[in-house]
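Line by line, the protein sequences give chains G and Y. For reference, each letter of the first sequence is one residue, going 185 to 478 in my numbering. For reference, each letter of the second sequence is one residue, going 185 to 478 in my numbering.
FYI, nobody ran anything at the bench for these hints, they're computed from the structure. Among these hints, one or two may not hold up.
Example chain G residues on the side facing chain Y (calculated, C-beta under 7 Å, incomplete) [stated by the list, open to error]: (1) Met315; (2) Cys383; (3) Val391; (4) Asp409; (5) Thr411; (6) Met415; (7) Ile416; (8) Thr422; (9) Ser438; (10) Ala453; (11) Ser457; (12) Ile465; (13) Lys468; (14) Glu471.
Don't be surprised by glycine CBs; every beta carbon is placed ideally from N, CA and C.
There are 2 protein chains.
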Amino acid sequence: MRDAALLCYGFAGLGLMGGSLAQAIREKVLTKGTGRIFAVDRNSWTLAGAIDAGVIDTGFQPEESRRMLEQCDVVFVCLYPKQTIEFLKKERMFFKKGSLVTDISGVKGTLDTHLDAILTGDFDFVSTHPMAGSEKEGFTHASAQIFANRNYIIVPHPKNKPENIAFLKNLMTAVGFTRMIETDAETHDAKIAFTSQLCHIIASVLVDSAEDTNITSFGGGSFEDLTRIAMINAPLWTELFLSNREKLLDRIDSFEKSLCRVKKMVEEADYASLCRLLEDIRAKRIEMGRKDKR
Amino acid sequence: MRDAALLCYGFAGLGLMGGSLAQAIREKVLTKGTGRIFAVDRNSWTLAGAIDAGVIDTGFQPEESRRMLEQCDVVFVCLYPKQTIEFLKKERMFFKKGSLVTDISGVKGTLDTHLDAILTGDFDFVSTHPMAGSEKEGFTHASAQIFANRNYIIVPHPKNKPENIAFLKNLMTAVGFTRMIETDAETHDAKIAFTSQLCHIIASVLVDSAEDTNITSFGGGSFEDLTRIAMINAPLWTELFLSNREKLLDRIDSFEKSLCRVKKMVEEADYASLCRLLEDIRAKRIEMGRKDKR
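Construct the entire structure; sequences and hints are all you get.
Structure (structure tokens):
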């Protein structure tokens, strides 16, 4: 396997995720070795800041991206899902021979339908979803720490080289991820509709249904914890929700049904049923936490 | 004002909240001075543990509670809401002359209707709701730290002595609370139905609607954060929900309406409306955080 400390890494998009991954690779992978980090971003102020901070070596304007790509052994496409597909289609001829290209898209179904058309050059594209983030956006809020103990999902394609998947797993372990999951696009999107998208919808709806913004003087931590992710990147999440519409709607339906059941128990002041259900839910959540620690 | 370091404190109930308050008073108020802490609890193992840990000086069995109460300058009734009312009714003749009695009940409406009958002896009862807690129960999980930067709600009664309210505010500031809110029982219960009760319902429903307990391998932190409070103390929360039924049902209704609106936007793939709504929600949540820091 190639020595990760000696490679040239390229980032297409240096926002919160690209910036955090670049920082983590700088701090945890390139401590010794001659490896370099390049980035292309439409915001030249971001590039200058990232050079100043010692995170990247060289910045490129979008129109210079080919000049960057032809030098990179590993490319992280850290753009919105639709932009990612456009970028891969447009730039696929310019990736360095033998290079490994990867992404961070939060939905995989749409990308999956384009992969046969994209995977035509002498490079390997491994689709992944690093399950980490922040309610704050942009390189300014990037942090190498957000990946600690997180899940890294890989959605392999039949054309992917096993050594590239193995390389990515090693690299991402160094970055901080502790659990590597391989799955298909369909399963990924169904699970993510629940763990990520439904949670963002619920948090947003909670804030939406608050009668005023003074409510937190009556907060005890629960409301604050549940709604932190409602400080949402609206264009990104609207795209994610609508790209995974059917699966998300399924999960909203199940949630509504369960809420309706609980509401009925409250309406009927059915102490026994409600208490038993809450006991079951508590046991289920504790079991989830236990599995999570394995 | 009386010197808090010289007083005798009594706890009726040494669970998570009673235990945490006792620890905080021990660590932050009784560092110097001759003050003591007593506690009555039905679990004699808890009392022995609290003495061993140096948190309380003496423990009392429930049948000995009068012997404790007659010595205490300040009494914290840290029981479930209904038990609190029963305790106050049963023991009100035995509080020390001039003592200050307080509670921690998460609903105030029912208690409020009993107060005229309770407030008949030569003691003052100030009803409060320390907005802090944990998803873990019992003295074993008690911690003096849970009150740091939290809200302390006081629901004053016309009979309360201003000096006792002032004393409590000072004491609770020493314990760690940073914001003191005075309100009436009606307002308290309406606000708490949203910030606390609805959040516990939502978290529980999210866990309930999960198809299996393996789902956290696809988690990125959001699901985990949103559902931590679903590790709920079922009997306590069932009582809280049902004691505040109408107000809670109102809040569930508003939440359902808002969820329905968002769902419709997703169904209709209405990018513009959904993105605009999420922008508004983001701004609302950021404003809440800003007010919270004041």
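The hints, checked one at a time:
The restraint placing G/Met315 at the interface with chain Y holds, with a minimum CB-CB distance near 3 Å, inside the 7 Å limit. Because the beta carbon of G/Cys383 sits about 4 Å from the nearest beta carbon in chain Y, less than 7 Å, this interface hint is met. Here the hint on G/Val391 is kept, as its CB sits about 5 Å from the closest CB of chain Y, short of 7 Å. A distance limit of 7 Å between C-beta atoms decides the matter here; for G/Asp409 the minimum to chain Y is near 6 Å, and the interface restraint holds.
The interface hint given for G/Thr411 is met, as the beta carbon of that residue sits about 6 Å from the closest beta carbon of chain Y, less than 7 Å. Among the interface hints, the one on G/Met415 holds; its C-beta lies about 5 Å from the nearest C-beta in chain Y, closer than the 7 Å criterion. Interface hint at G/Ile416: satisfied, since its Cβ lies 5 Å from the closest Cβ of chain Y, which is below the 7 Å cut-off. Below 7 Å, beta-carbon pairs count as interface contacts, and G/Thr422 has one with chain Y at about 4 Å; its hint therefore holds.
For the restraint placing G/Ser438 at the interface with chain Y, the shortest Cβ-Cβ distance is roughly 4 Å, inside the 7 Å limit, so the hint holds. With a cut of 7 Å, the hint placing G/Ala453 at the interface with chain Y holds, because the nearest CB-to-CB distance is about 5 Å. Taking 7 Å as the C-beta cut-off, the interface hint given for G/Ser457 is violated, the closest approach to chain Y being about 9 Å. Residue-level restraint check for G/Ile465 holds (minimum Cβ-Cβ distance to chain Y is 5 Å; threshold 7 Å).
Below 7 Å, beta-carbon pairs count as interface contacts, and G/Lys468 has one with chain Y at about 6 Å; its hint therefore holds. A distance limit of 7 Å between C-beta atoms decides the matter here; for G/Glu471 the minimum to chain Y is near 5 Å, and the interface restraint holds.
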